[in-house]
Each structure stands twice: as structure tokens, then as C-alpha cells.
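J.: Residue strings, one per chain:
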Amino acid sequence: MCGIAGLYTKTPEMRERLGTELAGMIEQLAIRGPDSAGVAVYRDPAPVGACKLSLHSAAPAPDWEGLAAELERAFGPGGAPRVRASHAVFTVATDAELAQAWLAEHHPELTLMSAGQAIEIFKEAGPPADFVERFEIAGLVGSHALSHTRMATESRVTTEHSHPFSTGLDLCLVHNGSLSNHNRLRRVLTREGVRFRTDCDSEVAAGYLTWRMREGASLEQALEHCLQDLDGFYTFAVGTREGFAVLRDPIACKPAVMAETDEWVAIASEYRAIAGLPGAADADTWEPEPGRVYSWGTALVA
Amino acid sequence: MAETLSSTLTFDLAAEGVRELNRMLHDPQLIAPTPQPARLTVLNPGGKHAIAVGIDGPWEVEIDGHVGYYCAGMNQHATVRIRGNCGVGVAENMMSGQVIVEGSASQAAGATARGGLLVICGDASARCGISLKGADIVVRGSVGHMSAFMAQKGALVVCGDAGDALGDSLYEARLYVRGKVAGLGADCIEKEMRAEHLVQVSGLLGAAGFEDLDPADFRRYGSARRLYNFHVDNAGSY
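As you go down the protein sequences, you meet chains R and Y in turn. If you're matching positions, the first sequence starts at 0 in numbering that gives the first Met the number 0 and goes up one per residue. If you're matching positions, the second sequence starts at 0 in numbering that gives the first Met the number 0 and goes up one per residue.
There may be inaccurate statements among the hints.
To be verified - Using C-beta positions, here's what the derived DEER-type ranges look like:
1. Y/E19 <-> R/S154: 37 to 45 Å
2. Y/L29 <-> R/A60: 56 to 64 Å
3. Y/A181 <-> R/R186: 33 to 41 Å
4. R/D283 <-> Y/A215: 30 to 38 Å
Stated by the list, open to error - Far from chain Y, some chain R residues (derived; all Cβ distances over 12 Å):
5. E64
6. A73
7. G141
8. R240
Stated by the list, open to error - Just a few of them, taken from the derived set where beta-carbon distance is under 8 Å, the chain Y residues facing chain R:
9. G64
10. N84
11. A125
Hints were generated in silico from the structure; no laboratory data involved. Just so you know, even glycine gets a beta-carbon here, dropped at the ideal spot from N, CA and C.
In isolation and in its complexed conformation, chain R is listed as follows:
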């Protein structure tokens, strides 16, 4: 069991309240996933020609200012790091591929959580309530966000095993369920050049989407391929720069409920995570059908 909650805002007022509402949703789903929690938020896009990296350090007092100075020497001024608990978000004055390559060469001890124009990923092992407080989730302002509370069934409880998983630039995946064929699929994808950091089954789903889209599939096509190639139970939510997409396995083993008003669109594992949103009682509320891709924003643009 895990919990998924996502919120897409349609008004400036809701953008301001994104973090507050998301924190409330995570709180409701903490009981579904008491091991770890994570958030992917889309906000403050980097200027054209620059990119944003979310980094995690296991060190007790990482030298983020020093890293910012190194990045400035390598690529020019990018701005001060925005530190959030064990993570920091950097704007780097180069494209994401170059920035990632530089980071892998010069700072292999840091974990890259996300890269892109707008995405920021924060995640950590530990009780979701602690995560929400330490990472000041309620203060987040942005266009949309996905969150996850984890109850591990297939692999260990660590920050790296937590969700969301980055699946490419400005893309991420959260998963409720378990996959049966992830070991075989991981071997196939590794041969295709996809790199994995953990033995987590959900990371294989993320890697699978990355690979499909690298091979030219749109996000919608990549998700539809999941129906054939992934064996197991899943409700997936995929974040994109413009919005998010949702897919449930064909027999609907894992729950999901969606709701929409003029102000927001929400997905959650259980309705109670949506119940606290403004206007929820009168929202259009439905259960997504199994095996069908749903999307918000222009999430499925290739």
C-alpha cells in the first residue's frame, strides 16, 4: 500500500495555496505510506538556456554555497541555491544534459533528484508528517505537484527508494502497487542504457517510461505500452511540465479517485485526501477507469 496525491491548479489563488493544500493531502494519506514521503513540484521555470537541478546530499552539513560557486565558475551565474532540508535546488546557466554530466563528474557523492526547467523533487525516508514539516511543503507555490507516501513491499526503505522518481527532464513518476516482472525488465532496460540507482520495482517503471520516450513515444504512447509490458499492480501518476497523467492497471487492483472544479484537478488514492480541498463537496468526482490514460494540462504533448 502507498498513497498518491496530485494537484493541478487552474487559478492564481490556487497556485499560491498549492503547498498548503498538498500538505493536507499528504497528511490524509500518511497512513497508507508511513515509511517515506516525496513531492515533485512544478514552479519558477528556469530562464531559456538555463536549467534547474534538485540535489540531495547525505552529508550532515553539505556545502551548497561552495557548489554554487563551482557551478558559476563552470557555467556562469545561475543564482543562489535554494536549500530545503537535505535537498537544494540550483539554477544552472546551461542545458540540463551538460549540467548533469558536469555533476556526475565533479560531485558523484550527490544524488540528482530531478532535472528540467520547472520540476523540483524532494523526498526522504521517514514519517510523512516529519517530511511535510522539515521540507516546508505548505509553503510551496507552483502550478502543480505530485506527492507520494510509501509503504515498501518490494525493496528497502531509503531516500533513494522513495518516490517520485525522475523519468527524464521535467518528468517524474509516482507508483502505488507492485510489479512482478521488474527484475527481467531491469536487465532489458540496462542493456538499452537506462541506469538504475536502486532495486525498487517502481524505479523500473520510471526507467521504462524514460526508455520508451527516448525511443520516440509520446507520454501517452509510453503509458499505453505499460499495459502490455508491465506485469503487476499499479496506479501511476506522471508529472510533466504542463500537468500530469494517470494510469491504472487493467484490473484496477490499486485505488484512485479524481475530482475537478473550476479551480483545480486532483488525483488521490482515497477520496479523503481530496475532501479537504476548497469546493470538494461539489466537485466533479469520479474513479478513473482501468487501463485508460487520463491527463491534465497539455501533459501528453510529445
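We have chain R; now place chain Y onto it with these hints.
T.: Frame of chain R, contents of chain Y only:
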């Protein structure tokens, strides 16, 4: 604590917990000894789980909003009306009484229910009436895949469409569908609508308040009875 509002009690789930609510519904002192049922309105359900479960008395409960999992489970004698949608397993293992959902229901509505009537005014998703053991379920909208899976006794009346694998591994429950059936499950076949079946559908539509529908528009599905007594010729179907 519940407040008396004329003859109806109210209970606010924003102020008190589900345990307190259910404890109150289980209190024999509050179950009216008179022919009049005890009435209760539940406010602010907020999608909470296990609301109004295990009632064993002639309560009339109205829940004003959407509920979470297993609402009105194990119900006996009570009438529970949900003015909203409900999560997984509404009225599961109901023994008697009535549960009415004014919105839509998630998966496994009425699972293993042994008696009483479950009415869903919207749609029900997958596995509606799974392992049904004698209750009747009337769904105004459509039902999802694998509905009435291994249903043993009782009836499922679907006024809309049914998803894939309807009645898979069915025993003796009767299934009636007014719209399209995406596919029948193993050992489920269409059967003739005889007079007794029209009477049954008419009665259930009436009980559900759907008298506007014509029982003659429904088709009946049931067990071919080839599967539930193991026969080696059927090995490929198991």
C-alpha cells in the same frame, strides 16, 4: 455528542470520530424500542472509512456527503442513505436492511452481502457484487469489470452497461442487465427472461424507486453450471 434536532439526531464527523459514531449506532439504549426507527444524520463524512458499520437495529441513517471504504458494512435492519459517492466495499457483508448510495460507488460494492437491498443511483466500478451471497443490488448506472464474480445467491440488476467478465465463475445469483455487456466471464451465459424474472426485476426496480424503467428491457444472465462442480472436461476453463 449527538444533538437532538426535532426527532432526528445529528452527528458531526468534523467534531468527533468514526469510532464514537459507530459506538453510538451500536448502543442498544438508542435503538428505539418503539416501532419508530431511531434517526440519525451524519455530517461532514469527509471520505472517512468504516462509517456506520455493524449496525444491528432499525436505524435510519443519512450521511450528508462522500464516504470512504466499507461504509454500512455488515448492516442489519438499518436503512443507510449516503448523499454522495462511496469508496471501496460499501455495504459489504450486509445481512438485511437497505443501503442507498445517491452518487456512485467504487469497487466491490455489496461484496459478500447476504441479505437486504443495496441501491446505487450512479455507477458502480469493478467487482460490484463480488461473491454475493443473497442480497439484491440495483445499480441505476453501469458496473465495472468482473461484477458478480463468484456470486452465489441474490440478484444484481444493472440499468446501464456491464463491464468485461460479468458473472465470472458464477454460482446461483441472477444477473439482469438493461444495456450492453462488454463480455461474459467463464461459465456465465445469457438465459431466457421468463415471467418469474420479469416479476423479480419489476419488484427490485420498484424497491429501488426506478419504476420509470421497463423490466422487459432487461436481459438475464446466469450460470451455465459447468464450472462449479469440477469436471475434467472443463479443466481448460479453470
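J.: Provide an ascending list of the numbers of those earlier hints which the structure does not satisfy.
T.: none
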